[in-house]
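J.: The primary structure of each chain is shown beneath.
Protein chains: 2
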Amino acid sequence: MNRIKAKYLIETPFPLDQAAEVLAGEQSSGTFVPVPGETASLKERFAAQVTSIEALDTVTTPSLPGAASNGESYRRALIEVSWSVENVGFNLSTLVSTLQGNLYELPQFTGLKLMDIDFPEDFGSHYKGPAFGIKGCRELTGVGKGRPLIGTIIKPSIGLAPEQTAETVARLAAAGIDFVKDDELMASPANSPFEKRVEAVMKVIHAHADKTGKMIMYAFNISDEWEAMQRNYDKILEFGGNTAMISINSVGLAATKALCDRRQLVIHAHRNGWGMLNRHPLLGMDFRAYQKLWRLAGVDQIHVNGIRNKFWESDDSVVASIGACFEPVLGGFEALPVISSGQWGGQAFETFRRTRSTDFLYLAGGGIMAHPMGPEGGVVALKQSWEAAVNGLSIEEAASSYAEFGQSVKKFAKIHHGS
Amino acid sequence: MNRIKAKYLIETPFPLDQAAEVLAGEQSSGTFVPVPGETASLKERFAAQVTSIEALDTVTTPSLPGAASNGESYRRALIEVSWSVENVGFNLSTLVSTLQGNLYELPQFTGLKLMDIDFPEDFGSHYKGPAFGIKGCRELTGVGKGRPLIGTIIKPSIGLAPEQTAETVARLAAAGIDFVKDDELMASPANSPFEKRVEAVMKVIHAHADKTGKMIMYAFNISDEWEAMQRNYDKILEFGGNTAMISINSVGLAATKALCDRRQLVIHAHRNGWGMLNRHPLLGMDFRAYQKLWRLAGVDQIHVNGIRNKFWESDDSVVASIGACFEPVLGGFEALPVISSGQWGGQAFETFRRTRSTDFLYLAGGGIMAHPMGPEGGVVALKQSWEAAVNGLSIEEAASSYAEFGQSVKKFAKIHHGS
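In order, the protein sequence lines correspond to chains W and Y.
Using UniProt numbering, the first residue of the first sequence is number 1, and each one after it goes up by one.
Using UniProt numbering, the first residue of the second sequence is number 1, and each one after it goes up by one.
The set of hints was computed from the structure by calculation and includes no laboratory data.
Values in this document were obtained by computation on a predicted structure and should not be read as measured data.
C-beta atoms are modelled at their ideal positions from N, C-alpha and C, and glycine is treated no differently.
There may be inaccurate statements among the hints.
Straight-line distance between alpha carbons at most 20 angstroms, and here's what the computed EDC-like set of lysine to aspartate or glutamate pairs gives [stated by the list, open to error]:
id : chain 1 : residue 1 : chain 2 : residue 2
1  : W       : K135      : W       : E121
2  : Y       : K43       : W       : E227
3  : W       : K411      : W       : D359
4  : Y       : K211      : Y       : E227
5  : W       : K145      : W       : E387
6  : W       : K128      : Y       : E227
7  : W       : K43       : Y       : E21
8  : W       : K196      : Y       : E227
9  : Y       : K196      : W       : E86
10 : W       : K5        : W       : D57
11 : Y       : K145      : Y       : E163
12 : Y       : K128      : W       : E227
13 : Y       : K203      : Y       : E163
14 : W       : K203      : W       : D261
15 : W       : K135      : W       : E350
To give an idea of the interface, some chain Y residues facing chain W are shown, with a C-beta separation under 7 angstroms as derived from the structure [said to hold, decoys possible]:
id : residue
16 : A170
17 : L282
18 : L283
If you want the ones that stay clear, here's a sample from chain Y, every Cβ over 12 angstroms from chain W, calculated [unchecked claim]:
id : residue
19 : E54
20 : G71
21 : E80
22 : L103
23 : R138
24 : R147
25 : A161
26 : P189
27 : A209
28 : D234
29 : V251
30 : D261
31 : R271
32 : N272
33 : M276
34 : E404
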């Protein structure tokens, strides 16, 4: 069927079928009294349909305030709702308003989270998705199957002048890094105007490529207002770069997709602000739905956090996010999961054990830059950690087999494990 | 001082000053270990500063999961943090990443809400803000001071063909309406392509203007992907319309601001999806901060919900939102608050009593379209309700003085009051 389907986790003081119908009504015909012109045939064509209701547990305390009825119990369920593709057409902004519009405001719900989206088949022929994806990112960096792309974030996040950033990049390139990125706080600050930074950084990247044949991928943070973002995109092209980073939540869907549509640069999607949409278990959206939308829009790389991260998210949740990225959407739309946050290589073992994959961009910030043997040691140690993980070594075995990784364990393991 | 300031409501198991410093660190230098290059002078220039901490209550249950430490108590506080404008420049996307980026992910917090933003003075000379604002909207519709602009939403939300929409508009125009809008679910569905709708609707609007001298404001929902939004904007201009509606959360900041920057059409900002950002008391952002950002971006009209709305929000919260819109930002940036959701005129009395203002776009959907005397009666009744409210009549007095409003009370008051 050519219908858009969405799954929601709901919590409601009302009977489940009644609450589900309110959601479907609000998101397709929605007013508080019937109005002239609302005919049966029109309703049949455009009405949202509740296609399944799977009851879960019942709780006694509402998860969110504002219930229309203060019952003694609040029922939870997974429900599926569908809309004709005719309601929306090829219009991702209106798709979002349809799937996630006023429904969070409904007092019939004390919890509501968009868990999953299924796009209609039509979308597969209309949307092009990631221009590079996993395969393209491997080709651009020359990193074959068998290990992740190893990357880092320029730190301090903000404050370095273009020449300082370029020096750091040169050092990282010499150490064998595959990927470097700006921090999301670093766009075009007073002492590092975007163009100057691109010029300085690309100069050392080209010098390194000329010498070694290896082209580093540098994700310049183009996040800005629309005109500036286009200029920034052009600047990267002009200086021979191949990747742009976008803070997708801050920039928004329409502008991000428009830049993905240019298909000349790899788009590195940074999800900062994501906690606001996801941290509450019964509000917002699940990463499974989120990443589908952005892959459809065309991002090539998307952040998934990491095992034993410095943020609040559990390892199980991170592993589920990675799994979601690896599932084809409409038969394809592959994007490279970006693992980051407090990573230093010690987590490579658990990451590989739970995903059996190396199709990652694996980012370490302090884990590389603050390595006891300098960034050079940090990059080598990360590659060692993944080699060891893939070869089935334990972290202890790897620490004694590899000098650089051994130093990482000494310095970073205690920060994470308190030992 | 030329600094960006932000207020947050926080909840943390850690000492307040320590938690506040983590937030400031993450949002300006942020990594889990010190790195080379992070000098003292660089820190002084670019570091975020915690400028005040006001302790509130302490609770025993964390509001959000994922705390780094499972203490026995969780302290709440209002804190203020500031950044040099040098970090961000004139870059609203990066401003959002700075004020609302990774900080929601921090396990040092079990609650975090952005409550307010103060822009540095520089922003006042760079950003132009709303091109029309309250004054411009009154001028375009010819509605002088003393009553709100009265408007409605075409219902059913989705499904009407362009000719049906145009017929409805003609009828509403004849009844004396000031403003009509598409529903947020209605962009360019299969049976009402955007251009056809603009053409059909503008034809009746021009016919009405030719006859009466009164130009109805119709907010066409241009929300779409970027290229389509620009085309839609141009189509409205081409057919002589004056207003475009944007689902700001779905479209995003960069594209919305780019369209505001064209300054040829009034921009009606629909906040659908807002519940996701605000419904939890300790997650996301307060409307006070939200509306400032969008006014700076240049929206002319912004939704604030309404008294006794059909959504979850309390009247106090709605009144606070209206008050926030009326406060100047950097000395101006006036936008017209849009009151809607379950409105039928009965709420005019309380709205006026609590705000002492008529500077609103007052929207009623079913309240107009389902009036017992038809939309004609609905529009008249709404004007009567505001006249009565401003003149200090009670709702009962108004119901017996005005025939049309009397009918509204009979039909709609019981829906809302269950009497």
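J.: Compare the structure with each hint and give your call.
T.: Taking the hints in turn, this is what the structure says about them:
1. W/K135 to W/E121: 24 angstroms, violated
2. Y/K43 to W/E227: 30 angstroms, violated
3. W/K411 to W/D359: Distance ~27 angstroms between W/K411 and W/D359 Cα, so the pair is violated.
4. Y/K211 to Y/E227: Not satisfied, since the Cα-Cα distance of roughly 36 angstroms exceeds 20 angstroms.
5. W/K145 to W/E387: 12 angstroms, holds
6. W/K128 to Y/E227: 15 angstroms, holds
7. W/K43 to Y/E21: 54 angstroms, violated
8. W/K196 to Y/E227: Not satisfied, since the Cα-Cα distance of roughly 30 angstroms exceeds 20 angstroms.
9. Y/K196 to W/E86: Answer holds: Y/K196 to W/E86 is near 16 angstroms, not above 20 angstroms.
10. W/K5 to W/D57: 23 angstroms, violated
11. Y/K145 to Y/E163: Violated, at roughly 34 angstroms.
12. Y/K128 to W/E227: Holds, because 15 angstroms separates the two Cα atoms, which is no more than 20 angstroms.
13. Y/K203 to Y/E163: Cα-Cα ~10 angstroms, so holds.
14. W/K203 to W/D261: Measuring from Cα to Cα gives roughly 27 angstroms; hence the hint is violated.
15. W/K135 to W/E350: Roughly 24 angstroms separates the two Cα atoms, so the pair is violated.
16. A170: 14 angstroms, violated
17. L282: 9 angstroms, violated
18. L283: With Cβ-Cβ at 6 angstroms, under 7 angstroms, it holds.
19. E54: 23 angstroms, holds
20. G71: Correct as stated: the minimum Cβ-Cβ distance to chain W is 15 angstroms, above 12 angstroms.
21. E80: 19 angstroms, holds
22. L103: 8 angstroms, violated
23. R138: The assertion about Y/R138 holds, with a minimum of 27 angstroms to chain W.
24. R147: 24 angstroms, holds
25. A161: 9 angstroms, violated
26. P189: Since the minimum Cβ distance to chain W is about 5 angstroms, Y/P189 lies within 12 angstroms and the statement is violated.
27. A209: Consistent with the label, Y/A209 stays out of reach of chain W, its closest Cβ about 24 angstroms off (over 12 angstroms).
28. D234: Correct as stated: the minimum Cβ-Cβ distance to chain W is 16 angstroms, above 12 angstroms.
29. V251: Nearest chain W Cβ is 5 angstroms from Y/V251, so the label is violated.
30. D261: Contrary to the label, Y/D261 does not stay out of reach of chain W, its closest Cβ about 8 angstroms off (not over 12 angstroms).
31. R271: Not fine: 9 angstroms to the nearest Cβ puts Y/R271 too close to chain W.
32. N272: 4 angstroms, violated
33. M276: Since the minimum Cβ distance to chain W is about 5 angstroms, Y/M276 lies within 12 angstroms and the statement is violated.
34. E404: 16 angstroms, holds
Of the numbered hints given earlier, the model fails hints 1, 2, 3, 4, 7, 8, 10, 11, 14, 15, 16, 17, 22, 25, 26, 29, 30, 31, 32, 33; all others are met.
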